[in-house]
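**Student:** Here is how the chains run, residue by residue.
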Amino acid sequence: MIKTNDLNKVYQTDEVETTALHQVNIEIKQGEFVSVMGPSGCGKSTLLNVLGMIDGPTSGEYLFNGEEIGHLSERKRSEIRKHNLGFVFQSFNLIDELTVFENVELPMLYTKVPSGERKKRVEELLEGMNIMHRRNHFPQQLSGGQQQRVAVARAIVNRPKLILADEPTGNLDSSNGDEVMKILSELNAEGTTVLMVTHSQYCAEFGNRIIRMLDGQVVTENVVKQYL
Amino acid sequence: MLKNNLKIAFRALSKNKVYTFVTFFGLTVGVAAALLIFRMLSYELSYNKSFENHDRMVRVVSEQTLPQEGESYTVCVPIPAMDVIMDEVPQFEKITRVKEFWVTTSLPDPNGGPPLKKFNMETDQTAFFTEPAFFDIFQPEWIIGGPAEILSEPGVIILTESFASKFYDDPAQAMGQTLVLDNVVEVEVKGIIKDFHDQTDFPVPFLSSWETMKAHRNYFFYDENMGSCSSNNQLFGLLKSQDQLEEANTVLAGISEKLYRRENQNSFRKHVLQPMSALHFDERYGHSGTHRTSMSRLRILGIVGILILIMACFNFINLATAQASLRAKEVGVRKTLGSSKRQLISQFLTETALIVFGALIFGLVLASLCLPLLQRISHVPEGINLFSDPQVWLFLGGLSILVTLLAGLYPSLVLSRFKPIRALRNQVPGNLSGGVALRKSLVVLQFVVAQGLVIGAIITLLQLDYIRSRDLGFSDDLVYTFGIGIDSSTLEKQLPLKQAFLEIPTVEKVSFNSDQPLSGNTWSSNFRYDTRPEDEQFSINLKFADTDYRETFGLSLVAGQWYEKSDTVRQCVVNETLLRKLGVERAQDAVGKSLRLGASRKVEITGVVEDFHTHSLHQEHDPLMITTRKAYYWEAGAKIRPGNIQGTLSAMQKAFDEILPEQVFEGRFLDENIAEFYADEDRLATTCKAFGLLAILISCLGLFGLAAHSAQQRVKEIGVRKVLGASTTGIVGLLSRDFLKLVLIALLVAAPLAWFLMQRWLDNFAYRIDIQWWVFVVTGGLAVLVAFLTISYQSLRAAMANPVDSLRNE
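Sequences listed follow chains A and B, in order.
Just so you know, the first sequence maps onto residues 0 to 227 in numbering that gives the first Met the number 0.
Just so you know, the second sequence maps onto residues 0 to 809 in numbering that gives the first Met the number 0.
Hints in this document: simulated from the structure, not taken from any laboratory.
Cβ coordinates follow ideal geometry from the N, Cα and C atoms, glycine included.
Keep in mind that a hint or two might mislead.
Stated by the list, open to error - Derived BS3-like pairs: lysine-lysine, alpha-carbon spacing no greater than 30 angstroms straight-line: (1) B:Lys-328 - B:Lys-6; (2) A:Lys-119 - B:Lys-629; (3) B:Lys-328 - A:Lys-75; (4) B:Lys-418 - A:Lys-160; (5) A:Lys-119 - A:Lys-2; (6) B:Lys-257 - B:Lys-239; (7) B:Lys-328 - A:Lys-118; (8) B:Lys-117 - B:Lys-508; (9) B:Lys-328 - A:Lys-111; (10) A:Lys-119 - B:Lys-2; (11) A:Lys-75 - B:Lys-2; (12) B:Lys-508 - B:Lys-340; (13) B:Lys-340 - B:Lys-257; (14) A:Lys-160 - B:Lys-328; (15) B:Lys-117 - A:Lys-75; (16) A:Lys-2 - B:Lys-418; (17) B:Lys-2 - A:Lys-111; (18) A:Lys-118 - A:Lys-2; (19) B:Lys-6 - A:Lys-111; (20) A:Lys-2 - B:Lys-340; (21) B:Lys-508 - A:Lys-111; (22) B:Lys-629 - A:Lys-111; (23) A:Lys-118 - B:Lys-14; (24) A:Lys-119 - B:Lys-6; (25) B:Lys-213 - B:Lys-580; (26) B:Lys-2 - B:Lys-328; (27) B:Lys-6 - A:Lys-75.
As the list claims (entries may be wrong) - Quick partial rundown of chain B residues pointing at chain A, CB under 7 angstroms, derived from the structure: (28) Asn-231; (29) Ser-338; (30) Ile-420.
Modelling step: build the complete structure from the supplied sequences, incorporating the hints.
**Tutor:** Laid out in structure tokens, this is it:
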């Protein structure tokens, strides 16, 4: 599903040049649950953003489903992104002005899903996440765990092929963290590919492969459990 | 998507109340101002457009350059010249002569008693003696009577519906009745026409025939002499096609050359066509109707309206871009979820449109509430309804699109350009640093406009004060002036009327005359002084008055004495300006000398009167001669003592009605007449004041919003400074300094601009103030003070907050 060849990302300011990714070569197959670990500043979030097409690489190749997309325009990347990817962020990134229902519904507005279908899908997901009773609440009225469940619901509502999760449990206590990890595992079990950045070894082990990074480079890859 | 956008827009706006209030209130005020100005402009611009053929209608006017007096413009055409023009300009489809006149119209008592009803024409109305072709050109609509050919007969009158209804409840009853004009001319009502449209320079109450005037040629000063030119005699035409204006002007130039050019003479009268579309806006010529409006004034008004609206849009742009960082995360999330730039732009434009829509509705309501103000600054009549005016709704429709794009497009573009990765990290994109410069420039621009208008208002008020407090050279206090007939029977009753008035203990003096000391009328003549062999190179202005004129109006003699009583032109007094222009050094030297007017006999100078203002202060003193001629005394002035003014006027009314029962006693105090001369300036001052205040209000609203934003942005810095020992005053100063600098920069731009424009305005006055430096200091001080008060609320709030809270929040 994902393949990178010598992927580089360099941030340039007036005086300083920072290499965030250096010659990264990874491959993620359909149905995998891959965790990316490493110390702060090692480039794991940058890798996630580049693979999530919300940032472009400086050089190198990025193949998504066999198509080179690393150097596509923002508009084209956005097209591919909205139909194929779902995002879960550490800080939830829910829109404060929208209710739970509306936040989850939002990605479907951009993919032009008909209204009846949208309602059905949102309600199913909220039931599944056990937050249906909060459907008309605003994000500030929810606990952190509830907010992250809404964020996960939003990430999967368009039935993406790949979920990118950037420290999804970083702002949660352990029980809420477990719950989110359980949801991601279930989604993976249902066939969705998951790529997750985390600091936590415990969470990383929910995946079937762990990629470790240091100074913008992939240093090791461990198989935790056999991918079937 | 639209529903979703609207919902989000509504929630986003209710979340940030300060931002919403500032932009909404500012836009509401801006829209109301723009609406009022639009109403004023549309009112003025639709003048004379009600005539079906207005695009082909023209008036023949005269231009001449005089060696000492410069350009001269008048609407008059000498009567013999009219005949030539009517015959020799092939571009005219129709052409008609018109003579303006003002009379008292009465319905006589068949039993010979006093008139049953009598009416003066309303102020600003003018009646026409004219010919049948008038109907082809102006196309008044018949209610009863006709055809137009009745205007070729003498002794006829055609009334407008409203004038006829003054005499009869049912205007049709007026048909066939005999009315009397000025107790002299009997006319039969031969038709009733619909009233002319309100927005015309010809509010004509009735028409009479040219032949009627000719039948009373002496009374109406009908003069077939080529040298006689009265602005009451005018010529109107209907061109075959509107493109023939230039061709017709070329023919007229040839006719003028033939009629007026003498040997070795470069300057002579030239006739040109004045299109009806230009008539209301051409200030070079005197006017019928209520007023003239110069295009430049309309342009200034339009610009002020646009500026006020743009200033309100600036607030929107400023606050929206300042708030952009707060929306960054949302933009990032939306982009990540697949929103396109276009969708984001449409979302933010929806927010703008929502505010604009609300502002338009509230602006319309506010404008309606402010309509009485409009009457103070313009000629727009009372009783107009903005809600029922389709033009207003069209304007609002256009405005909604324009303002939404003007205010919303730039912020939408800025927001939609955020890179999702940076937006998610809440990193303000680099291009917002440019946004800071933009915001500062817009604040400067707002204050340039606001301070410019305030400077304009102060200067116009100072000039008005100067005009009002200037010694006019005569007394305008408690002199009641009124019109009076000049038919032979009235002339005989002048003396008994004066005696009756003087028997009223509170009436001090009464004078019959042709003109008040200061008036809009000009009588002028060529003349020669003493024994000089040729006419002077300048003309002399004339006033005709009895011997009580001096004391009634408090004029001062500097040499000699007032002339003796006479019914004809025999002796005169002249003013100091005349002597200066003649090169006579000592006033006393002129006494006993004579003036010869035109070809008439010599008039002895008995005295020299101190210069007084005969026209508004726009004009310098003219050379003047005051002399006697009873036949021209159609005005009167009565100096009354302070005290029971109403009682005095009632007593005068009673005496007038007893002696002149066929006439209407109707007048005004002299100072009211004089104030009328400066009504335009008064309106300008009120306009500058009103819109200057509005501009300051809108600018301060923007400043308030920006200060709130700035305080919010610098909350951590303020906390750290406080922990390190900064005082509240120090922090208020820190937060205010940047904004106050902008206000001062704006003053540096506004001051020279306003100085230049106001110098040009003051150049219109022969007697004017000099612009003083303190006007700019006061304006700057005022702007800084208001700006400081606006900012200080936010600054003080930020400075007095507990630093622990702000640091913990960080």
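**Student:** Each hint: holds or not?
**Tutor:** Against the structure, the hints:
no.	hint	in the structure
1	B:Lys-328 - B:Lys-6	holds (19 angstroms)
2	A:Lys-119 - B:Lys-629	violated (100 angstroms)
3	B:Lys-328 - A:Lys-75	holds (21 angstroms)
4	B:Lys-418 - A:Lys-160	holds (24 angstroms)
5	A:Lys-119 - A:Lys-2	violated (35 angstroms)
6	B:Lys-257 - B:Lys-239	holds (24 angstroms)
7	B:Lys-328 - A:Lys-118	holds (25 angstroms)
8	B:Lys-117 - B:Lys-508	holds (27 angstroms)
9	B:Lys-328 - A:Lys-111	holds (23 angstroms)
10	A:Lys-119 - B:Lys-2	holds (19 angstroms)
11	A:Lys-75 - B:Lys-2	holds (26 angstroms)
12	B:Lys-508 - B:Lys-340	violated (83 angstroms)
13	B:Lys-340 - B:Lys-257	violated (73 angstroms)
14	A:Lys-160 - B:Lys-328	holds (25 angstroms)
15	B:Lys-117 - A:Lys-75	violated (86 angstroms)
16	A:Lys-2 - B:Lys-418	holds (24 angstroms)
17	B:Lys-2 - A:Lys-111	holds (14 angstroms)
18	A:Lys-118 - A:Lys-2	violated (35 angstroms)
19	B:Lys-6 - A:Lys-111	holds (18 angstroms)
20	A:Lys-2 - B:Lys-340	holds (28 angstroms)
21	B:Lys-508 - A:Lys-111	violated (91 angstroms)
22	B:Lys-629 - A:Lys-111	violated (92 angstroms)
23	A:Lys-118 - B:Lys-14	holds (26 angstroms)
24	A:Lys-119 - B:Lys-6	holds (21 angstroms)
25	B:Lys-213 - B:Lys-580	violated (39 angstroms)
26	B:Lys-2 - B:Lys-328	holds (22 angstroms)
27	B:Lys-6 - A:Lys-75	holds (28 angstroms)
28	Asn-231	violated (71 angstroms)
29	Ser-338	holds (5 angstroms)
30	Ile-420	holds (4 angstroms)
The structure shown violates the earlier hints numbered 2, 5, 12, 13, 15, 18, 21, 22, 25 and 28.
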